[in-house]
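Residue 29 is where the sequence shown starts when you use this note's numbering, and the numbers rise one by one after that.
FRET-style restraints, in silico, Cβ to Cβ:
(1) Leu211 with Phe124: 12 to 22 Å
(2) Leu192 with Val58: 11 to 21 Å
(3) Asp203 with Met103: 26 to 36 Å
(4) Cys194 with Pro160: 29 to 39 Å
(5) Gly65 with Lys143: 31 to 41 Å
(6) Thr59 with Arg208: 30 to 40 Å
(7) Pro61 with Asp203: 38 to 48 Å
(8) Ala67 with Phe124: 28 to 38 Å
(9) Pro61 with Glu157: 44 to 54 Å
(10) Glu64 with Pro85: 31 to 41 Å
(11) Asp102 with Glu73: 13 to 23 Å
I should point out that these hints are in silico values taken from the structure, not numbers from a laboratory. Computed from a prediction, not measured in an experiment: that's the story for all the values here. Glycine included, each C-beta is placed from N, C-alpha and C at the ideal position.
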Amino acid sequence: MRRLLQAILAAIVLLGSPMAGRAQDKPFLVTSPTPEGYAWWLRTEYRPFGADIRGIPAAKIRSGWCKVNELRRDMFPADEAAYFGDDQSPFAVDGFFDGSKTKHTALVGAYETCKGERGAFLLIVAWPEGKPPFIRHVVELRGKTQFAVVSASSDGTITLQHCLECDHASQYKWDRSRKRFMLLPDRAE
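Turn these sequences into a full structure, and let the hints guide you.
See the structure below:
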């Protein structure tokens, strides 16, 4: 009986290994050559494969999400990463964004729902001393070719820039009276 169980287990491992290898062979990002004339970030699809962001499971970030990855400069080919200039971390910024003494991280990532829908997101995580991190704010950017970088100003405003060579940006700031991050009105208004 024991030999039979070992044989079954070995067969499962052998059959499962090629499938696991194929799943890991898919690149995280794929940039389409068309349409010509479009910037690479408008033609790039993200295929998340991770289970959590900085220890926070995908489903805790947003119900229905199964895969997530924080974007990092080293995930991009050198020619695309060159667009980030000297910024070594265009996808994450730390600060004290709510005016408290609790450190926060604002970061950009990619997600895939359990139904296969993909997009990008802005996640603001609080890191209270001696306690587990918790989510302060999530912004979902639906669409498999969404792109964003994040930065912060000294007044705690978080800027989510949706492209590298335009003024399309969203800004978020902590609202003390509402006790949450709020989207600021468009600068063009």
